[in-house]
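Sequence order for the protein chains is S, V, P and A. Just so you know, the first sequence maps onto residues 1 to 141 in my numbering. Just so you know, the second sequence maps onto residues 1 to 141 in my numbering. Just so you know, the third sequence maps onto residues 1 to 410 in my numbering. Just so you know, the fourth sequence maps onto residues 1 to 410 in my numbering.
Careful, some of the hints might be misleading.
Okay, derived cross-link-like pairs now, DSS-like style, lysine-lysine, Cα gap no bigger than 27 Å in a straight line [to be verified]:
| no. | chain 1 | residue 1 | chain 2 | residue 2 |
| --- | --- | --- | --- | --- |
| 1 | S | 21 | A | 76 |
| 2 | V | 94 | A | 239 |
| 3 | P | 400 | P | 38 |
| 4 | A | 76 | V | 126 |
| 5 | S | 140 | S | 97 |
| 6 | A | 341 | V | 126 |
| 7 | S | 126 | A | 404 |
| 8 | S | 97 | S | 81 |
| 9 | P | 142 | P | 238 |
| 10 | P | 239 | S | 94 |
| 11 | P | 142 | P | 75 |
| 12 | P | 238 | P | 76 |
| 13 | P | 238 | S | 126 |
| 14 | A | 76 | V | 141 |
| 15 | S | 141 | S | 94 |
| 16 | P | 159 | P | 331 |
| 17 | V | 21 | V | 78 |
| 18 | P | 135 | A | 135 |
| 19 | A | 135 | S | 21 |
| 20 | V | 126 | P | 239 |
| 21 | A | 239 | P | 111 |
| 22 | S | 126 | A | 341 |
| 23 | V | 97 | A | 238 |
Quick caveat, the hints were computed from the structure, so don't treat them as lab data. All figures in this text were calculated on a predicted structure; none of them were measured in a lab.
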Amino acid sequence: MDLNQIYTQLIMEHNKNTHNKRALINPTLIEHGHNPSCGDDITLNLIEKDGIIVDASFTGSGCAISQASTSIMIDLIKGKKVSEAMELAEIFIKMIKKEIDDDSELEKLEDAVAFENISNMPARVKCAVLPWHTLEEALKK
Amino acid sequence: MDLNQIYTQLIMEHNKNTHNKRALINPTLIEHGHNPSCGDDITLNLIEKDGIIVDASFTGSGCAISQASTSIMIDLIKGKKVSEAMELAEIFIKMIKKEIDDDSELEKLEDAVAFENISNMPARVKCAVLPWHTLEEALKK
Amino acid sequence: MSQIIDSKIREDFPILEKKVNGSRLVYLDNAATTQKPKCVVDAISDYYYNHNGNPHRGAHTLSIEATSLYDNAKKKVQNFINADSEDEIVFTKNCTESLNLLAYSLSQSFKEDDEILLCISEHHSNILPWQRISKEKNLILKYIYVNEDGTIPESEYEKINKNTKLISIAQMSNVLGTIFPVKKISQIAHEKGAIVVIDAAQSIPHMKVDVKDIDADFLVFSAHKMLGPMGIGVLYGKKHLLDNMPPFLLGGDMIEYVYENDVTFAQVPYKFEAGTQNVEGAVGLKAAIDYLEKIGLQNIEAHEKMLTEYAVEEMLKIPYIEIYGPMDLEKRGGIISFNVKDIHPHDVSTILDSYGVASRAGHHCCQPLMRYMGINSSVRISFYLYNNIEDIDIFIDSIKNVRKWLGYGS
Amino acid sequence: MSQIIDSKIREDFPILEKKVNGSRLVYLDNAATTQKPKCVVDAISDYYYNHNGNPHRGAHTLSIEATSLYDNAKKKVQNFINADSEDEIVFTKNCTESLNLLAYSLSQSFKEDDEILLCISEHHSNILPWQRISKEKNLILKYIYVNEDGTIPESEYEKINKNTKLISIAQMSNVLGTIFPVKKISQIAHEKGAIVVIDAAQSIPHMKVDVKDIDADFLVFSAHKMLGPMGIGVLYGKKHLLDNMPPFLLGGDMIEYVYENDVTFAQVPYKFEAGTQNVEGAVGLKAAIDYLEKIGLQNIEAHEKMLTEYAVEEMLKIPYIEIYGPMDLEKRGGIISFNVKDIHPHDVSTILDSYGVASRAGHHCCQPLMRYMGINSSVRISFYLYNNIEDIDIFIDSIKNVRKWLGYGS
Ligand SMILES: Cc1ncc(COP(=O)(O)O)c(C=O)c1O
Ligand SMILES: Cc1ncc(COP(=O)(O)O)c(C=O)c1O
Numbered sequence: 001m002d003l004n005q006i007y008t009q010l011i012m013e014h015n016k017n018t019h020n021k022r023a024l025i026n027p028t029l030i031e032h033g034h035n036p037s038c039g040d041d042i043t044l045n046l047i048e049k050d051g052i053i054v055d056a057s058f059t060g061s062g063c064a065i066s067q068a069s070t071s072i073m074i075d076l077i078k079g080k081k082v083s084e085a086m087e088l089a090e091i092f093i094k095m096i097k098k099e100i101d102d103d104s105e106l107e108k109l110e111d112a113v114a115f116e117n118i119s120n121m122p123a124r125v126k127c128a129v130l131p132w133h134t135l136e137e138a139l140k141k
Numbered sequence: 001m002d003l004n005q006i007y008t009q010l011i012m013e014h015n016k017n018t019h020n021k022r023a024l025i026n027p028t029l030i031e032h033g034h035n036p037s038c039g040d041d042i043t044l045n046l047i048e049k050d051g052i053i054v055d056a057s058f059t060g061s062g063c064a065i066s067q068a069s070t071s072i073m074i075d076l077i078k079g080k081k082v083s084e085a086m087e088l089a090e091i092f093i094k095m096i097k098k099e100i101d102d103d104s105e106l107e108k109l110e111d112a113v114a115f116e117n118i119s120n121m122p123a124r125v126k127c128a129v130l131p132w133h134t135l136e137e138a139l140k141k
Numbered sequence: 001m002s003q004i005i006d007s008k009i010r011e012d013f014p015i016l017e018k019k020v021n022g023s024r025l026v027y028l029d030n031a032a033t034t035q036k037p038k039c040v041v042d043a044i045s046d047y048y049y050n051h052n053g054n055p056h057r058g059a060h061t062l063s064i065e066a067t068s069l070y071d072n073a074k075k076k077v078q079n080f081i082n083a084d085s086e087d088e089i090v091f092t093k094n095c096t097e098s099l100n101l102l103a104y105s106l107s108q109s110f111k112e113d114d115e116i117l118l119c120i121s122e123h124h125s126n127i128l129p130w131q132r133i134s135k136e137k138n139l140i141l142k143y144i145y146v147n148e149d150g151t152i153p154e155s156e157y158e159k160i161n162k163n164t165k166l167i168s169i170a171q172m173s174n175v176l177g178t179i180f181p182v183k184k185i186s187q188i189a190h191e192k193g194a195i196v197v198i199d200a201a202q203s204i205p206h207m208k209v210d211v212k213d214i215d216a217d218f219l220v221f222s223a224h225k226m227l228g229p230m231g232i233g234v235l236y237g238k239k240h241l242l243d244n245m246p247p248f249l250l251g252g253d254m255i256e257y258v259y260e261n262d263v264t265f266a267q268v269p270y271k272f273e274a275g276t277q278n279v280e281g282a283v284g285l286k287a288a289i290d291y292l293e294k295i296g297l298q299n300i301e302a303h304e305k306m307l308t309e310y311a312v313e314e315m316l317k318i319p320y321i322e323i324y325g326p327m328d329l330e331k332r333g334g335i336i337s338f339n340v341k342d343i344h345p346h347d348v349s350t351i352l353d354s355y356g357v358a359s360r361a362g363h364h365c366c367q368p369l370m371r372y373m374g375i376n377s378s379v380r381i382s383f384y385l386y387n388n389i390e391d392i393d394i395f396i397d398s399i400k401n402v403r404k405w406l407g408y409g410s
Numbered sequence: 001m002s003q004i005i006d007s008k009i010r011e012d013f014p015i016l017e018k019k020v021n022g023s024r025l026v027y028l029d030n031a032a033t034t035q036k037p038k039c040v041v042d043a044i045s046d047y048y049y050n051h052n053g054n055p056h057r058g059a060h061t062l063s064i065e066a067t068s069l070y071d072n073a074k075k076k077v078q079n080f081i082n083a084d085s086e087d088e089i090v091f092t093k094n095c096t097e098s099l100n101l102l103a104y105s106l107s108q109s110f111k112e113d114d115e116i117l118l119c120i121s122e123h124h125s126n127i128l129p130w131q132r133i134s135k136e137k138n139l140i141l142k143y144i145y146v147n148e149d150g151t152i153p154e155s156e157y158e159k160i161n162k163n164t165k166l167i168s169i170a171q172m173s174n175v176l177g178t179i180f181p182v183k184k185i186s187q188i189a190h191e192k193g194a195i196v197v198i199d200a201a202q203s204i205p206h207m208k209v210d211v212k213d214i215d216a217d218f219l220v221f222s223a224h225k226m227l228g229p230m231g232i233g234v235l236y237g238k239k240h241l242l243d244n245m246p247p248f249l250l251g252g253d254m255i256e257y258v259y260e261n262d263v264t265f266a267q268v269p270y271k272f273e274a275g276t277q278n279v280e281g282a283v284g285l286k287a288a289i290d291y292l293e294k295i296g297l298q299n300i301e302a303h304e305k306m307l308t309e310y311a312v313e314e315m316l317k318i319p320y321i322e323i324y325g326p327m328d329l330e331k332r333g334g335i336i337s338f339n340v341k342d343i344h345p346h347d348v349s350t351i352l353d354s355y356g357v358a359s360r361a362g363h364h365c366c367q368p369l370m371r372y373m374g375i376n377s378s379v380r381i382s383f384y385l386y387n388n389i390e391d392i393d394i395f396i397d398s399i400k401n402v403r404k405w406l407g408y409g410s
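So that you can see chain S by itself, here it is in the shape it has in the complex:
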C-alpha cells in the first residue's frame, strides 16, 4: 500500500476545502447516506430543475476519503443532467470494482478518478463510494 496513492494532493485539498460543505436553500432533493461501521455520515442536498442538477452541497462528517469523494462528486455533477449524473455514479462504482477497462469511460469521471486506487484498500472502499450511492438513491426518487 502506498499512502501517496490514497492521500493525494487533490483528496487532501477537497478534504480541507469546505466550499461544497454548506447548507442549501430550498433543495429539491435531500438524501442521507451513512456507513454505520465507520461513522461516515453525509446529507446530500440537490436542486434539480428541468432534469438538470443546478446546485448541490453536503453536510455531515466522516473520514478524509468520504469527505473528499463527496466534494469531488459535487463539483462533477453540478450543471450535469440527471441522466449523466446517474451514468457517472455507475462508472464510479464500476471503477472501484475494477470492472472498467475502457480508459475513455474513466475520463468522464475527471477528478473522481483520483479514487481509482482505493480498490486496493478494501477497508476504505465504502468511504469513497458513499456519496455516489447516496446520489443514486436521491436520483432514483
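Given chain S, work out where chains V, P and A with the ligands should sit, using these hints.
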C-alpha cells in the same frame, strides 16, 4: 485395552444368567435407574426388613456391563444390613474412581471387584456404576 | 476389488496412521465427525501464522486479510451449493445452531395452529427447536412416518397441506442411511405454500447438493462432518426470506446503530452473525471444500456406494446381524445401522474398538425414530472417501468375533 | 528500559515476524483479537492428527480421547477462574453467545418492571440481549453513567436497588480501558438481591480473575482474546443458578429423553451445550491458558502496565492527541483510546497501518458510550504480553506523521 479384563468369565455369566432378573412380590423399595445416553435402564426391587435387605431383584435392559454389575451387586447385598450395603456402594464407586489403595477395602466387594478395570474404559464406567447409584438412591429414601 | 478413490489419499489424513489398541485404525464413525486432511490443518496454521485478525472491524492489514479470507470462504460455500449470492450464506457454530436460529427467527411470523412437519427419523437437533416454538406459539407439530425399509410411503405426503407452514427434513438420515426425495418434497411443499428446510448434515459431505435444483428455502450443515474443522456450521437461506427474518443472536458487528434502548440491524447476512466470527473455521471449511472438489463429489458418492454394497453383502452373510434402512441400496448413502443378536450395541462397539474399528452405539440422537422402530439402540458404521475395502474386511472379521467374547456361540 | 516480559517470547508467535507494508508488524489491536503462540496451533494439529472424534457419544478410542480432552479443558478453565466445579463451565462459541444464552435463559424468570442495570460503556454484546428481553418482558433497562475520566461516580451505585434483578458489567472497558470495581459492585448487588454478570472479555486475558473473590454469579469471555482459537467462548455460572435455568440452544447431546412432543434435558453443563461441541477450540483454549500461566498473569499485568505508562507518557507530549479514559493509570488496563485533532480515526488507522502499526478505528461496538462521550469514533491501541517498548516507539513515531499526510502542519 484388554477385552479379557472387561468381559471376564464372571461378567459373562452374570450377563447371561437371569437368576436376579425377575419381578419381586411386594418389594418395599423400588428404584429406577438409567443412563439416557446408552439406553441402560434398570428397575431395582428391594425387600427391606428391620434394616436388612432380605431380597432383591431387577428388571430392565442394558449392556453386558450394566446387567452383570446389577446381578453381581444383588448377590452381594442380599442378606446385608442397609448400612453395609451403603458402605459397599461407596467402596464400589471409589474403586471405579481409583480412589482406593487399601486392598482390604476392595475385598469387601467380593465378585464386584471384577469391575476394577472398567476405570480404564471411561465410556463404560457409567454402565458399571448404574446399579450402585440406583441402590444409593433407593436406600437414601 | 477395484476402488473408485485410490487409497493413496489416505496419506492426506495423518490420523489414519494411528494404531488403536495395537491395530490399524478403521474409522467408521464418519456420520458423527470426520477426520481432517493435512490441507485443512495447514490452512488453519497458515491463518494463525500469517493473517489472523478480527475481521470486518479494522482498517489494518491483518484485519483486512482476515475479512477477505472470511468472505472468500462464503463465496466458496455459495458456489459449492449453487446459491445465488454470498449474502445467502450465514456462518454459525454448527448445524444445530443453524436450526435453532431458523426456529427462533421464523417462528416470529408463525400463528396458532400453523403446522410444522418433520420426519420421524429426524436428528434431535431438527426436532427440539421446532418442538419448543410449537409449544410457545401453539403450533401443531406433525411427523411423517417411514416404512419398515426406512423410505417414505406415498400416502404420507398427504400430510403436507394448506396449513403446513414449514417442513424440515434431513436429506439423508443419520440412522437409516435413507436418502429422502427432497426435491419432490420441496415441490409438493411449495405448491401448498410451505417453507422447506433441508438438514444436509449427512448428505452434503457425500454427494453434490444444489440448492436451486432441490429448491430448498433453507439448508443447514456442519463443517466437521465434511473434513472441515469443528466450531463452524452453515445456514443457507433464500435472500428474500432471510431479509424478512429478525436476528437470533445479538451483539457486536450485526448492527447499524445502537441506542440505549433501541437498535437497527445490519443487512443480511451480517445481522445473523453476532460477535467475533470464527475466521479460522471459515478458512478450514474452505480448504475442506477445495479438497472435496479436487477428489470430486461424484467420485466420493460412487466410492461410498461401492463400499456400502460390499459391506451390506458381507453383513447379510452373517445370520445374527439385523440391518436397518432401505435394502434397495440405490435409496441409501454410506451409513449402515444394525444390531447383533443378543448383544447390546455398546458391547458391540467396545469389542469392535478392541480391533481398532471405530463404530457408534446408541440412539444416534434419534430417540423418536428408535422408539418408532421398536429398538433401544443400534450400532452404526458410516463411510467416507478415505475408507477402503480393507476397512470393511477388518470390520467384518471383527464383528464375527463379537458374540464369542460374550460367550455366545458364533 | 527494562521489560517485565522478555521479548524472547515473541519467538513463540510466528506472525510477529510478518512484515506489514514493508515494516515490522506492530500489533496493537489485541482488544479485538490476539495472536496465537505456536503451542496453541500445535495443540490444534495434535488434536486433529491424533485424537479427533465426536465426544460424549462413542465407545471407541478416538471418541473417548476427544471426550477426555474436552473435559480436561473444562477442568483447566475451572481452575483458571477458581470455580467450584467443572460443571459450572459451559462452552459457547464466543462471549456474545454466552451473553445471549444468559439473557434468554434468565429472562424466563424475570417479571414486568424488574430492573436490569448496565454500564453505559458496555459492548453491544452486553447491551442488545438485555435490550431484547427488556422489550419482550417489559423490564426496565437502566444505565450507570461514568465520569469524564471513565470511572463510576459513587452516586451511581444508588441505581442498584431492590428492584434491580440483574446487573451486567464489563470488568474492563474495551474503549476506556477502565478496570471497574466489580468486587464492590457484586457486593452491593448481592445485598439488594440482584444477579451479577461479569463480562470478562477484556479483563481475563490480562489479569488474574477469581470468580469467588469477585463473587460473580456469571462470568463470560472469549478464547480468541486470550491467545486461544476463534470459535470458542466460556460461560461460568454458579451451579445452583445454572441448575434452575432452561436451556438456550436445543439439539443433540443435551437431552435425556426425547419424545415426539416432549423432552427432558440432561444435567448442567450439558443441557447448555447443544450439538457437536468444538473440541478443537477447547483444546486450543487449554493450551492458551497453560501458556498464560507459564508466563504468569501477574507478569502480564505488570508488563502491560509498564507499556501503558510509557505510551501514555509519550502520547501526552503530543499536543494534538486527546486520550480518553482514566488518567489515574492504576484504574486502567492496557487499552488506550484517543483522537488526533482534525483527523478522522479511520484515516489515522490507515496511515498507522502504512507503518506496520495495527490499530483500530471506529465505535468499538460501543455506540451508546460514544454518543455519551460526544464523539463519533476513536482510535484504539491495546497491548498484550508480546508487545514491547520498541512497539510503542514505532507507534509514537508513526502517529507523529499522521497529520502531515493529510496536509496539516504537525
Ligand atoms: C467488553 C467486551 N465484551 C464482549 C465482547 C464480545 O466478544 P466476542 O466478539 O468474542 O463475542 C468484546 C469483544 O469484542 C468485548 O470487548
Ligand atoms: C442429520 C443430522 N442433523 C443434524 C446434526 C447435528 O449436527 P451438529 O452436531 O454438528 O450440530 C447431525 C449430526 O450429529 C445429523 O446427523
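Right, here's what the structure says about each hint:
1. Between residue 21 of chain S and residue 76 of chain A the alpha-carbon distance is near 58 Å, which puts this suggested pair outside the 27 Å criterion.
2. In summary, the hint linking residue 94 of chain V to residue 239 of chain A is supported, as the alpha carbons are separated by about 24 Å, within the 27 Å threshold.
3. Between residue 400 of chain P and residue 38 of chain P, the direct Cα distance comes to roughly 34 Å. Violation of the 27 Å bound is thereby established for this hinted pair.
4. At roughly 23 Å between alpha-carbon atoms, residue 76 of chain A and residue 126 of chain V fall within 27 Å of each other, so this suggested pair holds.
5. At roughly 22 Å between alpha-carbon atoms, residue 140 of chain S and residue 97 of chain S fall within 27 Å of each other, so this suggested pair holds.
6. Restraint check for residue 341 of chain A and residue 126 of chain V: the C-alpha separation of about 66 Å exceeds 27 Å, so the hint is violated.
7. Proposed proximity of residue 126 of chain S and residue 404 of chain A is supported: the alpha carbons are some 24 Å apart, at most 27 Å.
8. Under the criterion of a C-alpha separation no larger than 27 Å, the hint pairing residue 97 of chain S with residue 81 of chain S is consistent with the structure, at around 25 Å.
9. Simply put, residue 142 of chain P and residue 238 of chain P have alpha-carbon atoms about 25 Å apart, close enough for the 27 Å limit, and the pair holds.
10. Our distance criterion of 27 Å between C-alpha atoms is met by residue 239 of chain P and residue 94 of chain S, whose separation comes to about 23 Å.
11. Between residue 142 of chain P and residue 75 of chain P the CA atoms are separated by roughly 36 Å; this puts the pair beyond 27 Å, and the hint is violated.
12. Between residue 238 of chain P and residue 76 of chain P, the direct Cα distance comes to roughly 17 Å. Compliance with the 27 Å bound is thereby established for this hinted pair.
13. A threshold of 27 Å between alpha carbons decides the hint, and for residue 238 of chain P with residue 126 of chain S the separation of about 25 Å falls inside it, so the pair holds.
14. For the suggested pair residue 76 of chain A and residue 141 of chain V, the alpha carbons sit about 36 Å apart, so the restraint of at most 27 Å is broken.
15. Under the criterion of a C-alpha separation no larger than 27 Å, the hint pairing residue 141 of chain S with residue 94 of chain S is consistent with the structure, at around 22 Å.
16. With a C-alpha separation of about 22 Å, the suggested pair residue 159 of chain P and residue 331 of chain P falls inside the 27 Å cut-off, and the hint holds.
17. For the given pair, residue 21 of chain V sits about 14 Å from residue 78 of chain V by alpha-carbon distance, which is consistent with the 27 Å threshold.
18. Restraint check for residue 135 of chain P and residue 135 of chain A: satisfied, since their Cα atoms lie roughly 21 Å apart, inside the 27 Å limit.
19. This hinted pair does not check out: residue 135 of chain A and residue 21 of chain S have alpha carbons roughly 40 Å apart, beyond 27 Å.
20. Among the hinted pairs, residue 126 of chain V with residue 239 of chain P is inconsistent with the structure: their alpha-carbon atoms are about 47 Å apart, more than 27 Å.
21. About 37 Å separates the Cα atoms of residue 239 of chain A and residue 111 of chain P, which puts this hinted pair outside 27 Å; it is violated.
22. In summary, the hint linking residue 126 of chain S to residue 341 of chain A is supported, as the alpha carbons are separated by about 23 Å, within the 27 Å threshold.
23. Distance restraint check for residue 97 of chain V and residue 238 of chain A: the Cα-Cα separation of roughly 25 Å lies within the 27 Å cut-off, and the hinted pair is therefore satisfied.
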